[in-house]
Amino acid sequence: MKTNVAVFLGCMSVEHEISIISAVQAMHSMDTNKYEIIPIYVTKQGEFLSGDVLKNIEEFKDLAALKEKCHPVSLVKANGRVLMKYLDNKMFKRQMDIEINVGFPIVHGTNCEDGTIQGYLEMLGLPYVGCDVLASALGMDKVIFKTVLTAADVPVLPCVSFTAREFSANHDTIINQIENQIGYPIIIKPANLGSSVGISKVENRAELGEAICLACSFAGKVLAERAVTALREINCSVLGDVDNCEASQLEEPIMTDKILSYDDKYRSGSKGKSSEGSKGMASLSRKLPADLPQSKAEEIKEIAKKAFVAMSGSGVCRIDFIMDTADNDKVYVNEANTIPGSLSFYLWEASGIKYTELLDRLIQLAFKRERNRDNIMFTMDSNILSTKSFGFKGSKN
Amino acid sequence: MDIVLYISVGVIAASGLFALCRQLQMLQQSSYYPSRYWGWLKGAIRVRTNLALMGFLLFIGSAWPSTTYNRCVIFVLAALSLIRIKLCFSDRRKSIKKLVFTDRIKRTFVAAAVFLAALITVGILLGESSLDQNSIVNAGFLQYILFTICAFFSFIAPATCLVAWAITYPIEQMGARWYVNDAKKILKNMPDLKVIGVTGSYGKTSTKFILGRILNEKFNVVVTPESFNTPMGVVRTVRDKIQPQTQIFIAEMGAKNKGDIKEICEIADPTIGIITSVGPQHLDTFGNIETITSTKFELADWCQNKNGKVFLNADNEIIKARSANYNSVLYGTTETCDCRAENIVYGPSGLSFNIISGNSEFKVSTKLLGVHNALNITAAAAVALDLGVSCDDIAFAVSQLKPVNHRLEMKSYLGGSTLIDDAYNANPEGCLEAVRILGSFGDMKKIIVTPGLVELGEKEYECNRRLGEEAAIYADIIILVGPKRAVPIAEGVKSRGFNEENLHIVQSFAEARKLFTPMCDNNTVIIFENDLPDNYAG
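For the record, the sequence lines run as chains A and B. Counted from 1, the first sequence has number 188 at position 188 by the working numbering; the numbering is strictly sequential. Counted from 1, the second sequence has number 462 at position 65 by the working numbering; the numbering is strictly sequential.
Next comes chain B alone, as it looks inside the complex (with noise of 0.2 Å):
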């Protein structure tokens, strides 16, 4: 019995498992992409890595043959495992987007658990047979094979976090098709439910929730929750919320890649679509906006398909281009929308805008801020007027919109302070639009801090750029997090002569945080822009 080898091990494969968390948070967030993972992976090589490498190469030199200076290392070794535990709870406490305890992520986990737990229980059994221990390939040897794999797999947790991807792939695609099936015959036994799909490159989770909103004011609806728009995320919607009394479900579809909203299409069936715009987000897995232009439409070739009708944000002059095609309902702010919104006024409690669409006129205000969210709003009126909800249903349900989280969201922070909280936004536009917001604050001190725009293939500096140049014409303070992004910004930000004291440029949130946080009073205003998960903030 070679107790303090055994324990050795066991000690470190318990300490690959804890650093399998990060992996599988980040897996988590790449939405079970092995290559979007590994996009992540690439740029992600950091001191503890190289670590975790040097330690592999001790365990190698050291594993075999059983002197006492070798256990020694070992057990060395092991010690070292648990500090690296316990920088795995740090890391978790500093994370933004945590990882979440799905049943996927605990079957992922349990599968990596069980590939280094039989790693380790065949290799003790060998150790403790009877085997002929004079031959080349004897017991020992074997043993010290089976530990240095389960070794490798434990220092460098990435692989770990593939290999037990890859074991619970096939397992995790049966129990999806069964998954779909089963949301495609609840939907099949509901013949009145009507399907809405919603998609653009944005605002699709803001319309989506304000047209909810609205429509319940005459139907029982169902919308899809948070920012979902997986084929998974219907199903599990379908599944969960549907009831026999619901009359109206609708299904945000989002796009990474061609094909994307046609297979939602097939889940939902929607009969009505909303194509709020069309832009270079994801341009980086499309590769073009022509790719980009067509996913979207999928949903208007279904729906057209289907009879039924698209609602085209006429504002938007891709989308315009190709809306003679379609059976569609126009919306926008122009003349010749079927549905426009006219004499927008905003400020910094709101807006306020009418309605105009066929012969009918109204007025609405919300509390909303964004003058994108006007055509949001607009968007939602156009199908709920065509489903017979009225001009007075409709202006009350805007009266009482409220913000989606970290959407614009308007909220009091740290010593008196005010938050525009728009840390999802995703829209290099919207970013612009969110910025500009600041400009209706008067003469409060105005605090931007934001990590830049991403996934955005080669606009990217493009549009990071046009973000600096945005922030210094309307704020006092610029705080950049992460260096990546920073570069272009700054530039932009410089370009139009900002006192550069002003521009601060952190590693992480927390950072961030620490440098704002003695700034804060009842005289500023702050606004978090744009996405922050743990993906990009470094």
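So that you can see chain A by itself, here it is in the shape it has in the complex (with noise of 0.2 Å):
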């Protein structure tokens, strides 16, 4: 019997493709002798398909056909088991429900990677591969996560962080509070998005309204943050839970403009959409290991998984750092992913853990919350009000 495995894909994200370019590598890449894959794509409308096609990342070119050939499904508990149902099974043509074992969210960005789909799946009770929904919603504000970070002792930039709301209305002073608490260069960021997008570098007061602008198309909490101009990024991925956990080689991404931009991320080496650049987070170009000394890699790998637990992490979470080269090599910890592109294989393979390897240890730390949870309960399976057997209700008497 194999494991039914459903792995979400798409989302009503702004990263969209970029989880189906994820979620596809992942699906190649699994142990089908022991996993069954059911991919379930939402669309940008948020419907849900299911379908075979869905393994083949040529299929998502044309969507229209694409839906054409899948199934509308939805999934239900029934019987303490969650099913997989049909829902354009006709009087003839039916389909047979499929039962999902556990489920795999490959999805990026707001609406879906920041907690949502993760509660979604919570009230099913289906077990499910990566943090739970704390976590998830912990890296997707990237103001609260400094909090938490902050008081975990994790180094990161102190901030200024304000809703659009408050923007507009005191504009001068909240423009005047950055310059004096922080001073260019600036980075403006969105306060809730993955990826790269409406992050902007500032050099002086012009730019800087402008950019607090942008980024206030992209969210509704805007932070400014210390631009560290002699600068060197490095991640780290952590894969485990808060148990036990272990942290991967480092990487250092090469930046092509001052930020890691959004085309920089997921189409590098590419123009638009041919299926070459699709590879996403696994094409970018890179330094693998990243050219430091030991012990700087050391204490970044610790700062990573202190980071991890700091917020509660499970499965695999990106830990993006940023290097101070112009103070000591100082490191902050910059974002995490809890969901990084490509589920950030290239740098467990570079551990010597094969994706596919990495792939069964997430699913089975999936089962392991679960389990962890079922122990919590495992006396609560009888109803209390039910227990006349040795009455209670004989202390009326």
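Hints are not guaranteed to be accurate.
Taking lysine-lysine and the DSS-like style, the derived pairs with C-alpha atoms no more than 30 Å apart in a straight line are [as the list claims (entries may be wrong)]: (1) Lys77(A) / Lys503(B); (2) Lys77(A) / Lys799(B); (3) Lys305(A) / Lys354(A); (4) Lys615(B) / Lys2(A); (5) Lys582(B) / Lys77(A); (6) Lys585(B) / Lys34(A); (7) Lys585(B) / Lys2(A); (8) Lys34(A) / Lys591(B); (9) Lys44(A) / Lys85(A); (10) Lys77(A) / Lys638(B); (11) Lys842(B) / Lys77(A); (12) Lys582(B) / Lys85(A); (13) Lys85(A) / Lys585(B); (14) Lys582(B) / Lys34(A); (15) Lys85(A) / Lys581(B).
For the record, the hints were derived by calculation from the structure and aren't laboratory data.
Got two chains here, each in a separate frame; can you build the complex from them with the hints?
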């Protein structure tokens, strides 16, 4: 009997396409002797579709045709099991419901990676891969993320944060505050997005206002932090859970622009949609392992694990660091990706763990979390209200 | 149309169906073995049985011929049947282990209902037919015969129960065979699944749950729920709970007759076995200890044949004597064991001890009460170590253990008192052990409520007497439920010079509760000891 794994991809997020690339890659690397892969594609409109064609990246070029080849589905819980039901069943053309044993969300960005899909699977009672609702949500709000890490003594760059509404009401006050507390050059970021969408680096007051307006168009909350100019970016992936986690080899992405932009991150070496280029994070130019002294690398790995535990992570997370070469190579955690592009498999292959094994371990971690939960509930399966045998009602007498 | 007769017969039949519920409850508690059910039945003749018999005789005398006087009698009989229905409801309320409306019970009930309805329907059709009314075997007489049969089964509910069992038996067998094959197929499709069988006269349920909890640290585990330990219990667990990701299946295996364990092994196909104990439990069905031992060792034989391993309790002399023939791991408290518990410290808040296996030694602590649990934990730890669970994981899991319902389960009770609920314990040694736990509660007031030990064959008297002796030492107040086993217990109690004012013998658990409720305060510890299902409460 194979374990039925529902791989979720797509979703109503700006990183829809990136998710497709990550997920298709993963589906091709999964151990099919052990796992039966059931892709569930969430369209930009939020419909759930399933079908084997979803395992082929080429099919995604024509979304209308793809939709025709798939079946609309829905997940339901019945008799303690989670079933995928086909919504287009006809009288004489019925498809059997498929039992899902574990969910594997490979989606990026708001409306999915931020705890949304995790909450949905949680309600269904389906074990799922990766961070739970809390950790996912933390990873999605950079301001709250910084607050939590600061409390756990993990180094982060201090920031000034405000909502779009506050900015529009107190335009000048906020700009002054940023200038005074941080000073140029400054980085402006939307608080709640993954990837690098809406991020800009500014050198003066004029650019600052413009950059904030841009960021505000992507998110209701924006933050400003010091731009480290003599900068190296270092990424580290962490695998495991709070009880037991390990850090991968470090990578150093090679920057083509001031900041690793959306284009850099997901379309490097390609012009738009050619499938050659659709390899996601895996094909980005980088130094792997990053060229760092042993002690520095170890320090970064330790901080990465500390950050992972502080946010109570699970599964695989990529922790992105900024290293200030002008200040003694001091490192700061920049952000955490709770579902990193390509699941950061390339970092694990460099650390001696094949992608197939990584996926296997991720799925087993999902079951482990489920077991820990069951353990806590172990003797609660009897309904307290039905305990009549040794009557607590006797206390009335 | 003889409306009065038809309605009366209908009401009487309906009351029969209500009365059937109590019989089905006992049939269910006898695991659907008519022999065991019969065993209960023989001892259960009561006032009400005699009343029902009188009702039946009255029916025979007055259902035919159809005079006005006779119809009046029948009508009164039907009215009295309504009282019977009322009694059935209060019976159900008072039961400790109630009838569970499983599908099988529903099928059996429907079979009984159809059987009675068929008798009535054919009777009515005959009466209304145009058969020759003048011949000797005329329609009215035939109707009378059918109604009398129907009345017989209505008044004598056990007869209906056995008929319904007989009607459904072939169907149940067919269904069961299909389920067994389905479960086997599921297990066959999972070549990587490790199956662990747990058997023993006592301690198997606790050991099973403890092992399940420990292995959960590393594997996806499925455990047969509650004290499911029959072939059908295993089949049901496999079909309902085993999932593709399951890595370990722990099956409790119970036996009341020779061959029972082998039968479960044929379904579950374990490669690891644990034998927790061999003792005189179910001696009445086994006959002698030798048969019990070889039945438990059917599990060891099976695992041996599959190149597996058995984990044996070396503290049990009978098991130890046989262990040499097997590829076994011995666990226990003695030096020679492969995995042993040492420095056992216990009190009202739990147990702690060291587990030593090979080169590793580590300390575990648990909230579970009772020294015997140290042995159950050691058994589970031995298996877990063998499967590669780390000492740290084992120690953590042990610290998280919670008692199984009604097995030395400590909770707060009436008037702030402390209850030790050990109502599902059936092990003579375990019962003595539980009574001794009272000793660790200092100068609190100690109350024991127990119906005594059952199903122990010829040793029953002896065991109950010893229970009495032990209770006299540790308890301040002793309440015995049901007069049958009270005799040997009371004898044991008195032999220790216990103040007889504090020894009470009551008829039912409800009565016991009336007695102890005013005694309970926050300086009281009360223990419910041993099996209290209805089967034996009387």
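Hints, verified against the model:
no.	hint	in the structure
1	Lys77(A) / Lys503(B)	27 Å, holds
2	Lys77(A) / Lys799(B)	29 Å, holds
3	Lys305(A) / Lys354(A)	21 Å, holds
4	Lys615(B) / Lys2(A)	20 Å, holds
5	Lys582(B) / Lys77(A)	25 Å, holds
6	Lys585(B) / Lys34(A)	15 Å, holds
7	Lys585(B) / Lys2(A)	13 Å, holds
8	Lys34(A) / Lys591(B)	16 Å, holds
9	Lys44(A) / Lys85(A)	21 Å, holds
10	Lys77(A) / Lys638(B)	15 Å, holds
11	Lys842(B) / Lys77(A)	50 Å, violated
12	Lys582(B) / Lys85(A)	25 Å, holds
13	Lys85(A) / Lys585(B)	27 Å, holds
14	Lys582(B) / Lys34(A)	18 Å, holds
15	Lys85(A) / Lys581(B)	27 Å, holds
Of the hints listed earlier, the one the structure fails to meet is number 11.
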